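If you want the numbering used here, it's the 1-based position in the sequence shown plus 4.
Just so you know, these hints were derived from the structure itself, not from any lab. Accuracy of the hints is not assured; some may be wrong.
[Stated by the list, open to error] Here are the in silico distance ranges between beta carbons for each label pair: (1) L24 to L49: 18 to 24 Å; (2) I32 to E62: 35 to 41 Å; (3) L49 to V79: 23 to 29 Å.
Predicted model only: the values in this text are computed from it and were never measured. Virtual Cβ for every residue (Gly too), placed ideally from N, Cα, C.
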Amino acid sequence: MPVDYQYESDDPASIRALLLHGIGIGFIPAITWHATGSQLHLTRLNPNPPLRTIYLTEGQSKETPQNRRLANALVKLFVDTRAQSL
Numbered sequence: 005m006p007v008d009y010q011y012e013s014d015d016p017a018s019i020r021a022l023l024l025h026g027i028g029i030g031f032i033p034a035i036t037w038h039a040t041g042s043q044l045h046l047t048r049l050n051p052n053p054p055l056r057t058i059y060l061t062e063g064q065s066k067e068t069p070q071n072r073r074l075a076n077a078l079v080k081l082f083v084d085t086r087a088q089s090l
């Protein structure tokens, strides 16, 4: 009887534990897993790696100078990190 399990979690430790126990394969952004140890192996999916879009939103009435600086810093972080991974 074939079994089709799918797991989704925002907790990297849970995903790592499942993978370490041989339960399937995972698609994990490389930026979040710098080191994997000897039991897990990272590979690039080429020639068309999966991409994701991250949106940062807030209510216009809640925008403060501090919120704007934080938003700009987050955008810069993602852009810089993406540039390094190319």
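Self-check item: Broken hints, by number
Solution: 2
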